[in-house]
Amino acid sequence: MTPPEPPDSAPAPPVTGDPVAPVAPPVRRLVHLRWDLDKTYLQTNFDSVKDLVKTFWQKPEDKATVAGAQALLQSLMDPADRINRRVTFISGSPRQMRKVLMRKLCLDGVEPDMFILKPNLENLLRGRFRALRGQVGYKLKALLLSHMAQETVDEYLFGDDAEQDSFIYSLYGDILAGRVDAVRMAAILSTCKVYRHDVDEIMAYHAQLAGSGEFVRRIFIHLDRRSPLDRFAPYGARVVAIYNYFQCAVLLFDAGLLASRGLLAVLAAMAGAGYTPERVANSVQDLMRRGFVHPPAIRKIVQALDDAEKTVDRPASQFIQKFEDVITSLEHLQRSGPPIETDINYLGLYHEARFRRQQQRLLGIRLLD
Amino acid sequence: MAHIVIDICVGRDCGSEALEAAAIASLEHDHQITVVGDESEITAALQKLAHDAEHLGVAHAGDRLDPDLELADSLARAPRSSIAVGMELLARDPAAIFISAGGTAAIVATARRLLGRLPGARHPALAAVYPTLRPHGPASDPFALLLDVGATVDCDAADLVNFAAMGAAYSAKISRIERPRVALLSNGTGLAGAPERIRGAHQRLREATTGFEYIGCLRADHVTSGDADVIVTDGFTGDILLRTLEGVAATGELLLKRAAERLQWRLGVQMLGDGLAAIREFTDWENYGGAPLLGLDRAVVVTQANSGRRAYLNAIRLGAKIDRLQVLAAVAASVASISSVSSVATPHEPPATSSPEAAT
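For the protein sequence lines, the chains are L and F, in the order given. Per numbering that gives the first Met the number 0: the first sequence = residues 0 to 368. Per numbering that gives the first Met the number 0: the second sequence = residues 0 to 359.
This is chain F alone, in the form it adopts within the complex (with noise of 0.2 Å):
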């Protein structure tokens, strides 16, 4: 039975839907389930919400963090926060999973603070799934992972070579792949115009021996082939393309809208219907579940700041997963083995960066 820590301050509606999500959960599965918020707010809302109180507790959080302000200065005034209370609880329970749709800066942040890293894990990878052409493994996993996709904005080889043995071990587990095929995200296939460190971790990854395929580099046209089933890259490049991907696809879906005003389009679009909505079902990033944040010693899932009830109830699902299949443990030893053959872990905790959010 897995305990599950949701913050519902954030996401669509102000968190209502993150609620409505969790009073669900609470009647379908035996999950614990501990929201984190204004307590006399959960109160009064969920007395509106068919729910099951023996499986749903409340974890009051009085402070909101301010996002007007610094990051440092938004999380210093806002010591009791969702996602500080939420991790508090997190840091008590090795068996919880915390899901938040905050921002990436503010909860890696505070997972720095109070949170331990995986023995040999540099830095945390925020580690998201995007739907490719070819299926991923035996269950034929529609969806490849791509991770950083904005924890850790400067990274070196090491760290890349250490998010690809998280990553590797991540799918393994929740795509049942035996070796999965890791690629490292680059402007070619070659390394003669590839960065300093995309060199470092392509040698570095081909010389290992470890629980994975390494397949070289992928250029970013490539990421949709399903060719990797991990795609590594640097958390400001991971952000810049993942956003870059869901503008697309919501671009496409600006396009169709207005096809619907011209009345021949219209039709072709009725006629397509079908087709259409499972295209959108396919790339709708509600039903991922969430971003896992790898590299932790506890495990956080990291959603949309918009992430409606939907977009809940997957993260909810997938921190069940995480649980049941014991992700940790294995994300924990494959990082132990990487450290361990190739040398790349460096004892010392290397400088603090931040994400893009924090930047800004």
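Isolated chain L, as found in the complex (with noise of 0.2 Å):
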């Protein structure tokens, strides 16, 4: 079978100085895209009992996504390209909501090629009850489980701050690089309390695919708690902290993934979901400030921009105004990106998150895990 020819507007290369993203993948190699459900792709209250037991009986139709997120999805798994693209959904959420999250997925036109669910039924029948909470023994595992062994495949892993996906997904980029050997693995893992069944599995995985090679190459964490992006810079380059989608389809885009009708798909999405192009221009302006993006890719990027509308008649041209004034304001800034971190202290980091859920209190009672 012919591979299909890849989408019009081919992938130019990226102009950033960012040491990861530039790693343009050549049109054929395989992506893969992982993505995290709740708070990442679904707008999902979990704050109290009352937000879960809503979320739980909620119909797929009144699932709300997040500004730009389905844009973005379906435009990365265009047709014309999809014999290159995989996507995993990853989810804390029980199995026992499938049904309901593949019918919303359904009714996004997302046709995932995995998707994973938490064994959460099976956790609390078995008396695991430090597994419904926590993330790191599920997620690591489903995501060595998933890795798909192929020379030539890009990982983009997308999550969010309100678990630890940022610390899960480097662990699991790193594994795969061989940065983590089986001790230093064997400790993280204890030292995150990760049930000795699923310790044996990951260690299992780890032997099968460490050192296997560099895939990950970025992980998008949605800020929607707005964590201060301090709490991100210790997982260096690879880990990007964003505010909303548009920053990530500015970055896809600059690294070759996202075609210019994807770009202005997000765009005429978040400008749907009340998005003005005030706001969307300092998303662009704070991606230029901490270096991620400079202005010649901004440029590119209203070009595209400009000529994608002229075919496709949505209103960017506010925002590409915006966006010129960005350009215009911050002509001066040749500021470089994150370093590539590659001695990641994954303990330390475990603790430091760890500490500072201690600080949430129950009745005066430090909430510990």
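None of these hints come from the bench; they were simulated from the model. Here the structure is a predicted model, which is why all the values come from computation and not from measurement. Just to be clear, a hint being listed does not mean it is correct.
With a straight-line cut-off of 20 Å between C-alpha atoms, the simulated DMTMM-like cross-links for lysine to aspartate or glutamate are [to be verified]: (1) K117/L x D180/L; (2) K321/L x E277/L; (3) K140/L x D199/L; (4) K320/F x D226/F; (5) K47/F x E351/L; (6) K321/L x E87/F; (7) K47/F x D223/L; (8) K98/L x E121/L; (9) K320/F x E285/F; (10) K47/F x D229/L; (11) K320/F x D296/F; (12) K53/L x D77/L; (13) K321/L x D296/F; (14) K256/F x D296/F; (15) K140/L x D180/L; (16) K117/L x D229/L; (17) K321/L x D92/F; (18) K256/F x D273/F.
Mind assembling these two chains? They're in different frames, but the hints should get you there.
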């Protein structure tokens, strides 16, 4: 079978000075998109038991997506290039919600290749109460299990700041890259209080996959809780904390993964969700100030949006004007992105996060995990 | 949705508390916030702060005003100061509100250069609020408005009439007072010993039919009584009065601290703890939200030089309220109305006067 032609607007080489993103995958390279669901793709509120119950009983059509997430995913899964793209959802939602969640994705026009949910009922019945809240054991195992053992795969992971996604995704990437040996791995899993059964499985996957290659290209963390950015600095340039999916689209466009039509679709979706040109321009400025994109890249984006709008007839012109203002105001900026981190102190980061969580109290008693 | 422009080069802790306030406001409100200052310093500081980058933009201002130089020299040597950049943003966006804790003289001078005046407004006036014994308006607002407190040092009768119109319109909107009571600050309730400008303004205000109630002259010892909703004076006297009131409050605070040195007094202070805390809260200038600079065609709010996070947050709330209630339009209408009825507005720009800081 002849592979389909690449999208009409073929990705151009990236113009950022960033050391991770510029490794633009060749068009024929398999791209594996790994998405978390709640607070990353779906707007979910888990802050109270009432919210939890409400979420559980919510109908698929009542579930709302994060602005721009659906448009971004649909654009990335463009049928013209579908053969080279895979999408996996790994969610902490219970397996009992599979039908509702699948229906929601179906309504959104998203067809996941793999959809992994947490066996919460099983955990409950087996008395594995720590596993109900803990994510490290479950998600790491799911990521390793669903890793495609192919040499030519690039993985882009999407998570949020409500859980430990940046920690788990980075650890997963470093396991594949061979930067976490078995001794260190065992120590991390022990510190994270992962159940013995899960530890054995993860260590088996580790033995099989460790050092197989540098597959994880970028980790996007949706700042649902608007956590401070320096919380993600220890993970290095691979982890990008994003305030919205237009920021994500900008970086993926710059990396040659998203076509200009996709960029415009995300922008249109965000405008539809009430995003003003000032709000979107501020997010672009934020990326520039953090050194993830440079003025020439934004100029390229402005050009692409301008060209795409002529053919698709969407109201991007006022956004384009604001982007140009951003470029003009920060023309002088020659900031390099954050450095690549090859030796992440996972134990230190885990404890740091744990102490942060300890600040949350119930009736004056510290909530320990 | 208001666009709030905040100068973060000044304020407590070299402006870091101003940035913290902006970060908090970006999370709590739907306003568009632009912070003005050194971009690299702001970006580095923002990494540590929870904020919403969608609502928080940065405008780079590379120059710093030198406080040791004469004002004119200082402004000339810093063409891209945070005040100048902020005012430029304001000039481009009619809906924006500029908040700065910079020197009043520098703000007024830059505003004169970059912003326009409301039709009929002769000079800008800085309007500060001060707590009074009697509440004001239907919402029982505890504050009276005092203007001018430092923007225009030399005023004539026409300027004072202008200030009365601006202050009354502001008070009517912010405190929801239908017909604000306006008084002229003088050295007595009669006019015998009053200077010419006070007598002239008194005459014109008494004759004019306006949207406010002119109640005559008011002595300084009645400022805190709450008899008037708006107290009008020139910038020189207003600045001295305001600083005296603040000085007295600060001295009271200091005396309380000294009282704690003696055991008996300390016990007494402890017993009065809640009441004293309430008074402290009532008189704390950080709760006021800054002083609007009235008479310009854009909204400018001036906060004190040592403003902290709370003062900035209140200034942001005030800025948003000015935008939401369309205070500028009300002030413009009031000034136009008094100009037409009292024929006090002169078509030419009166000689530019400087604020006390410039005079020193």
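Right, here's what the structure says about each hint:
no.: 1; hint: K117/L x D180/L; result: 27 Å, violated
no.: 2; hint: K321/L x E277/L; result: 7 Å, holds
no.: 3; hint: K140/L x D199/L; result: 10 Å, holds
no.: 4; hint: K320/F x D226/F; result: 25 Å, violated
no.: 5; hint: K47/F x E351/L; result: 15 Å, holds
no.: 6; hint: K321/L x E87/F; result: 16 Å, holds
no.: 7; hint: K47/F x D223/L; result: 17 Å, holds
no.: 8; hint: K98/L x E121/L; result: 18 Å, holds
no.: 9; hint: K320/F x E285/F; result: 17 Å, holds
no.: 10; hint: K47/F x D229/L; result: 6 Å, holds
no.: 11; hint: K320/F x D296/F; result: 16 Å, holds
no.: 12; hint: K53/L x D77/L; result: 33 Å, violated
no.: 13; hint: K321/L x D296/F; result: 24 Å, violated
no.: 14; hint: K256/F x D296/F; result: 45 Å, violated
no.: 15; hint: K140/L x D180/L; result: 16 Å, holds
no.: 16; hint: K117/L x D229/L; result: 30 Å, violated
no.: 17; hint: K321/L x D92/F; result: 13 Å, holds
no.: 18; hint: K256/F x D273/F; result: 15 Å, holds
Consistency with the previously given hints fails for numbers 1, 4, 12, 13, 14, 16, ordered from lowest to highest.
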